[in-house]
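Chain order of the listed sequences is A and B. Be aware that the first sequence starts at 7, since it is given in my numbering, and climbs by one per residue. Be aware that the second sequence starts at 179, since it is given in my numbering, and climbs by one per residue.
What the hints contain is simulated information worked out from the structure, not anything from laboratory work. For every residue, glycine included, the Cβ atom is placed at its ideal position computed from N, Cα and C. Check the hints yourself; a few may be wrong.
Among chain A residues calculated to face chain B with C-beta under 7 Å, some are [said to hold, decoys possible]:
#	residue
1	15
2	16
3	25
4	57
5	64
6	66
7	69
8	73
9	76
10	81
11	82
12	83
13	84
14	98
15	101
Here are the computed lysine-lysine pairs in the DSS-like style, where the Cα-Cα straight-line distance is at most 30 Å [said to hold, decoys possible]:
#	chain 1	residue 1	chain 2	residue 2
16	A	60	B	515
17	B	431	B	515
18	A	54	B	431
19	B	709	B	647
20	B	242	B	599
21	B	515	B	427
22	B	242	B	515
23	B	431	A	60
24	B	524	B	431
25	A	60	B	524
26	B	524	A	54
27	A	54	B	427
28	B	599	B	709
Okay, the calculated bits of chain A under chain B, using three or more residues with CB under 8 Å as the criterion [to be verified]:
#	segment
29	26-39
30	45-56
31	86-95
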Amino acid sequence: MPTNDYRRALDDPAFQNLVRERSGFAWSLLAAMLIIYYGFIMLVAFAKPLLAAKVGGGVTSVGIVLGLAVIVSACVLTGLYVQRANSRFDELTRTLIRDLTR
Amino acid sequence: MSRNFTSALFGLIGAAALSMVAVAAGPDLGPVQMQSLNWAAIGIFALFVLGTLGITYRAAMQTKTAADFYAAGGGITGFQNGLAIAGDYMSAASFLGISALVFASGFDGLIYSIGFLVGWPVVLFLIAERLRNLGSFTFADVASFRLDQTQIRILSATGTLVVVAFYLIAQMVGAGKLIELLFGLNYLYAVVIVGVLMIVYVAFGGMKATTWVQIIKACLLLAGATFMSLIVLYRFGFSPEAMFAEAVKTHPKGDAIMAPGGLVSDPISAISLGMALMFGTAGLPHILMRFFTVSDAQAARKSVFYATGFIAYFYILTFIIGFGAITYLMNDPSYYKLGADGAHNKLNDLLGGTNMAAVHLAAATGGSLFYGFISAVAFATILAVVAGLTLSGASAVSHDLYASVIARGRVAEQKEVNISKMAAIGIGIIAIVLGYIFENQNVAFMVGLAFAVAASCNFPVLLMSILWKGTTTRGAVNGGLLGLVSAVVMVVLSKAVWVTTFGFKDALFPYDNPALFSMSLAFLGIWVFSKLDTSPRARAEQAAFEAQYVRSETGIGAATAHVH
Chain A
7 MPTNDYRRAL
17 DDPAFQNLVR
27 ERSGFAWSLL
37 AAMLIIYYGF
47 IMLVAFAKPL
57 LAAKVGGGVT
67 SVGIVLGLAV
77 IVSACVLTGL
87 YVQRANSRFD
97 ELTRTLIRDL
107 TR
Chain B
179 MSRNFTSALF
189 GLIGAAALSM
199 VAVAAGPDLG
209 PVQMQSLNWA
219 AIGIFALFVL
229 GTLGITYRAA
239 MQTKTAADFY
249 AAGGGITGFQ
259 NGLAIAGDYM
269 SAASFLGISA
279 LVFASGFDGL
289 IYSIGFLVGW
299 PVVLFLIAER
309 LRNLGSFTFA
319 DVASFRLDQT
329 QIRILSATGT
339 LVVVAFYLIA
349 QMVGAGKLIE
359 LLFGLNYLYA
369 VVIVGVLMIV
379 YVAFGGMKAT
389 TWVQIIKACL
399 LLAGATFMSL
409 IVLYRFGFSP
419 EAMFAEAVKT
429 HPKGDAIMAP
439 GGLVSDPISA
449 ISLGMALMFG
459 TAGLPHILMR
469 FFTVSDAQAA
479 RKSVFYATGF
489 IAYFYILTFI
499 IGFGAITYLM
509 NDPSYYKLGA
519 DGAHNKLNDL
529 LGGTNMAAVH
539 LAAATGGSLF
549 YGFISAVAFA
559 TILAVVAGLT
569 LSGASAVSHD
579 LYASVIARGR
589 VAEQKEVNIS
599 KMAAIGIGII
609 AIVLGYIFEN
619 QNVAFMVGLA
629 FAVAASCNFP
639 VLLMSILWKG
649 TTTRGAVNGG
659 LLGLVSAVVM
669 VVLSKAVWVT
679 TFGFKDALFP
689 YDNPALFSMS
699 LAFLGIWVFS
709 KLDTSPRARA
719 EQAAFEAQYV
729 RSETGIGAAT
739 AHVH
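I would like the entire structure built from these sequences, with the hints used as guidance.
Printed below as a string of structure tokens:
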């Protein structure tokens with residue numbers, strides 16, 4: 007697009023909407039990841055007995071279950087973002103670009 | 179145990195993307211003894227080399243433009259790139275180092291796997307798509323998008339080369355030791371083989387060959403690790419509980435392996451380590467460069483999704499492998515160096531050191547042929563990672579320093595590519611020489627340093643130039659340098675270098691990892707110096723943010739797929 011056309015995009019409510027929605031979503035997911043990860047690290051630093059506790063009377067500890075849950079949560083969060091981006095953000099971007107280049 | 183542990187731990191800080199296991203475990207490994215030649219491993223590795231050289235030849239035929247050389251013509255799919263990124267991450271160090279950590283202390287190994295993994299969502303949410311929309315070959319393209327080309331490119335190239343240099347030294351030394359151990363090859367031969375092959379891959383095949391080497395290696399490693407894990411799980415009727423119970427019964431630390439041990443003690447160190455692992459990933463030049471190999475932001479996003487999945491799966495496998503090794507190896511004296519009384523210390527006497535746990539498990543689960551396979555995969559892994567590093571260093575020299583700074587953008591494309599190839603050869607030779615010089619040095623700290631520099635210089639400069647309108651050249655350069663210098667100084671003053679390497683009595687910097695401080699300094703520096711910068715240039719740079727912003731968010735005007 008010609009160099010000055012970015013102004014048109016900036017003033018376009020569709021652009022503002024896209025950016026607001028996407029960055030809001032991305033920052034919330036990032037916050038969730040930070041809380042989960044540093045929460046886990048804080049448990050490791052401060053709550054060792056809790057992590058050492060046993061699950062259901064067996065050998066497996068709470069720590070191992072939580073640790074695996076952190077790994078799974080990283081995958082789930084990236085999955086959530088990708089899914090929303092594939093369906094919604096890409097659609098918004100396509101519409102926006104179509105309108106701007108018309 | 180604390181000293182061995184600290185150095186193993188320190189190496190592991192950066193172990194994610196590299197293969198310096200043998201180094202991290204310097205004290206663990208003990209004197210490396212030449213083994214008899216391992217023919218199965220050598221045969222399988224020779225097949226790998228032949229196959230990858232064939233791919234390099236084909237890639238060289240197709241590599242004509244700068245876009246081909248730096249970015250594989252933008253023709254890599256999201257899935258392929260995800261595998262290649264995972265390949266960069268699933269190094270011999272992750273594989274051998276983390277399974278060794280699980281073998282030695284159980285739960286604590288998991289803390290590291292998690293730290294390495296959680297950097298990926300950060301890359302996805304903040305960086306991947308914008309990077310693809312703004313840049314074409316190196317992350318400096320993005321950082322200097324609206325800032326001063328000369329200064330920002332010099333800074334970014336410095337950040338890149340520092341990270342690459344520390345990484346490569348650790349890699350080469352680690353490679354030499356590991357190969358000496360696994361293959362029975364002389365250290366110097368091993369270093370030269372690695373150096374020459376990486377030069378060939380990069381100088382002839384460029385990004386296309388480097389990517390395919392990485393993909394093949396990732397598949398081999400995932401297949402091998404999956405096979406081992408399945409055998410282990412099969413033995414316990416696919417019940418993790420049964421596996422844990424047997425491990426607790428076998429391990430000298432008993433039930434303590436199911437809970438956090440001494441690895442993460444004070445909260446400051448824990449947070450600082452966490453930040454280096456998490457944000458260092460988002461500042462590694464060879465990883466960032468991968469996002470330019472795909473066609474657009476959507477594909478960049480998918481790459482991270484697949485990469486995260488593969489890496490998470492891989493770390494779960496290493497966890498099973500570590501526990502499997504406890505149950506298979508600890509009661510079997512044939513894997514141990516026996517004492518005079520015929521007894522063995524389950525933790526310290528493992529043949530070749532605890533880093534060999536996964537490799538011994540390969541022999542225990544799949545026999546000598548599988549042992550050869552896993553050894554060959556470990557070698558291939560090192561090779562793939564150093565190739566990626568070399569390409570990234572060579573691009574910083576040719577694309578950032580030569581084309582933009584020295585020639586001021588007036589350079590023919592073919593000449594730029596040729597300079598990159600020469601730089602790759604130069605970096606390869608330097609890596610061989612440094613690998614030779616550092617053979618008997620403790621280089622474990624270099625990996626931690628590489629991660630700390632990536633998190634404290636590359637990442638803040640990149641992020642702030644993309645996201646904060648107020649960033650100016652003066653702010654980015656001063657803040658970036660502040661992060662770079664403080665990270666290096668704090669590592670030098672920390673225990674790993676000041677006490678372990680220089681032999682001083684007390685460390686002047688009390689924590690193992692500087693990231694919490696150096697990264698904060700970098701962000702603060704960028705903010706303060708940008709605020710203080712009221713020059714006309716600064717105003718022009720801030721005014722240029724809006725155009726950059728629109729392009730970074732929508733991809734309008736982005737360099738399209740460089741497919742012919």
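* **Numbers of unmet hints, in rising order** => 11, 14, 15, 16, 22 and 28
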